[in-house]
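Could you put together the complete structure from these sequences and hints?
There are 2 protein chains.
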Amino acid sequence: MTVIGAGTIGLSWITLFLAHGRRVRVNSRRPDAEEVVARGVELFAPTLPHGGADPLELMELLEFEPDVERAVRDAAVVVENAPEDLALKQELFARIGAAAPGDALFLSSSSTLLADEMSALMPDRSRLVVGHPLNPPHLVPLVEIVGGEATAPEAVAGAVAFFRSVGKTPVVLRKPITRFVANRLQSALLQESVHLVREGVVTVSELDEIVTQSVGLRWSVIGPFQAFHLGGGEGGLRQWLTRRGGGLEQSWRELGRPRMDDATIDALSSAAEEDFGDRSYAELAADRDARQNAVLDALARFPH
Amino acid sequence: MTVIGAGTIGLSWITLFLAHGRRVRVNSRRPDAEEVVARGVELFAPTLPHGGADPLELMELLEFEPDVERAVRDAAVVVENAPEDLALKQELFARIGAAAPGDALFLSSSSTLLADEMSALMPDRSRLVVGHPLNPPHLVPLVEIVGGEATAPEAVAGAVAFFRSVGKTPVVLRKPITRFVANRLQSALLQESVHLVREGVVTVSELDEIVTQSVGLRWSVIGPFQAFHLGGGEGGLRQWLTRRGGGLEQSWRELGRPRMDDATIDALSSAAEEDFGDRSYAELAADRDARQNAVLDALARFPH
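As you go down the protein sequences, you meet chains A and B in turn. Take the first sequence: its position 145, counting from 1, is numbered 145 in UniProt numbering, and each next residue is one higher. Take the second sequence: its position 302, counting from 1, is numbered 302 in UniProt numbering, and each next residue is one higher.
Hints were generated in silico from the structure; no laboratory data involved. Here a beta-carbon is modelled for each residue, glycine too, at the ideal position from N, C-alpha and C. Please note that a few of the clues may not be correct.
[As the list claims (entries may be wrong)] Below, computed lysine to aspartate or glutamate pairings styled on EDC-like, alpha-carbon distance capped at 16 Å: (1) 175/A / 117/A; (2) 175/B / 249/B; (3) 175/B / 199/A; (4) 175/A / 116/B.
[What the hints assert, rightly or not] Some chain B residues judged to face chain A by a derived CB distance under 7 Å, without partners named: (5) 1; (6) 20; (7) 156; (8) 160; (9) 192; (10) 221; (11) 224; (12) 260; (13) 272; (14) 284; (15) 302; (16) 304.
Okay, structure coming up:
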């Protein structure tokens with residue numbers, strides 16, 4: 001298989017695919033690609049779920065090919081992680097599509113572009129599917145699978161099978177929507193979080209603590225609908241919604257509509273620097289990943 | 001200490017307080033209060049965090065007093081869990097305030113009413129504080145502490161100390177706001193979840209799976225601000241917000257505004273019954289609690 005792009009997302013994917021025994025050919029425009037990938041694999045391999053992996057062993061399965069056409073010539077699967085630039089991706093996929101085998105599967109990690117947009121210049125548009133991960137892809141289980149009008153059902157099925165084979169949890173969206181599902185949910189929660197901080201109800205770190213100590217814990221084990229289904233007792237979601245019907249709409253109307261102006265950006269950023277700035281990016285990320293893996297390990301004992 | 005009310009929240013609180021060695025006097029209007037509380041403690045004790053407890057041992061610390069005035073006469077702390085009815089709570093707190101010792105602390109589990117409203121008829125309004133838990137209180141760490149204009153700072157500090165002493169994570173809101181923080185965040189996420197299901201992008205159980213496999217896992221270990229602070233790399237939240245500034249406002253404008261009408265209630269409820277209906281309430285709740293405890297145990301190894 002071939003991975004295009006060795007940015008943050010690409011490096012995390014590369015590490016995961018290697019850990020699942022895949023021989024990975026990397027195509028990157030960086031002149032120092034080999035060094036960048038080696039550093040990325042060294043950084044991410046120890047934090048792979050369920051115990052980590054030895055980076056040196058993983059790197060034995062790596063190849064590099066700076067020419068795009070040669071990189072995809074015999075690839076069964078191509079995972080693209082180029083910058084979020086539509087024209088760039090259109091041209092890239094046109095070249096990939098022309099050079100790759102006739103049955104290759106093309107997976108884009110894009111978080112904002114749709115398959116039909118990116119495939120516009122391809123000779124065969126049916127094999128491009130979005131496989132949108134959350135950062136970092138080697139740790140967060142979800143991959144949102146989003147085809148377009150031009151995508152063949154077999155390509156969607158192939159994307160699901162591929163991501164399952166590397167331990168991910170693919171969920172197929174039934175229709176394309178801007179920014180897909182997980183980021184829209186993040187956006188909704190962030191909007192109210194910004195509102196509450198700007199209103200002076202809580203600080204940045206207090207808001208975070210409220211989330212991790214309540215809804216975050218809850219949503220790590222059950223989603224919002226099942227949570228409210230249980231909130232309705234024996235009567236389930238029907239009882240919960242029926243009792244709250246009008247009150248829910250009222251609660252939605254009362255949600256904040258903050259501006260993301262310079263003053264807001266500065267206030268939130270200064271608060272984050274104050275609250276989190278005593279630890280470096282590397283320390284915070286390592287702590288996040290260690291905790292995330294502990295949660296993943298704890299939940300791995302339960303049936304999916 | 002005295003617990004008023006033996007509904008779902010009251011029973012969960014009673015079990016937790018007993019497990020922390022508190023002698024609990026229960027005041028309930030139910031004629032079968034002793035039986036109801038015994039069943040509640042039996043149900044909840046095994047699911048207490050970090051290994052559960054023996055219900056029979058816990059029940060040795062229980063007392064019952066059906067008369068409100070007598071129930072609070074020598075109480076240092078009173079935790080109120082009456083129905084969400086302002087007139088009822090006002091009258092109840094007036095009676096409690098008149099009968100309890102002059103330095104007693106009054107904690108209300110209300111999720112919708114404010115301290116200043118509930119204390120309106122009390123002789124001394126300074127000792128009433130909202131301590132809002134998420135369901136079930138014996139499992140979810142967060143308690144939102146919300147005082148009012150009339151509340152003394154000492155009462156807020158007392159509420160924090162009390163909830164810490166029974167293993168909870170209290171967070172003090174800096175000003176009162178309708179429905180407090182955690183439920184507002186839940187409401188924001190639910191609104192977009194309902195929108196995405198009604199638009200046909202995902203089903204109820206697919207939406208839930210997306211949450212548990214991505215943002216829920218993430219938010220169980222770090223809150224949204226720290227997550228985006230790390231998303232900005234070395235540049236932190238400032239870099240993340242600066243790059244996305246206008247795009248964030250745009251993404252908020254694109255969030256859905258669903259109606260909670262009869263058709264929506266029926267569609268969501270039918271889907272929940274279809275997706276979750278193969279398991280009983282008791283089975284689903286037991287599975288939720290087992291998973292939640294596994295996550296809490298996994299995270300207990302890390303510094304808070």
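Verification of the supplied hints:
no.: 1; hint: 175/A / 117/A; in the structure: holds (14 Å)
no.: 2; hint: 175/B / 249/B; in the structure: violated (26 Å)
no.: 3; hint: 175/B / 199/A; in the structure: holds (9 Å)
no.: 4; hint: 175/A / 116/B; in the structure: violated (48 Å)
no.: 5; hint: 1; in the structure: violated (23 Å)
no.: 6; hint: 20; in the structure: violated (18 Å)
no.: 7; hint: 156; in the structure: violated (14 Å)
no.: 8; hint: 160; in the structure: violated (13 Å)
no.: 9; hint: 192; in the structure: holds (4 Å)
no.: 10; hint: 221; in the structure: holds (4 Å)
no.: 11; hint: 224; in the structure: holds (5 Å)
no.: 12; hint: 260; in the structure: holds (5 Å)
no.: 13; hint: 272; in the structure: holds (4 Å)
no.: 14; hint: 284; in the structure: holds (6 Å)
no.: 15; hint: 302; in the structure: holds (6 Å)
no.: 16; hint: 304; in the structure: violated (9 Å)
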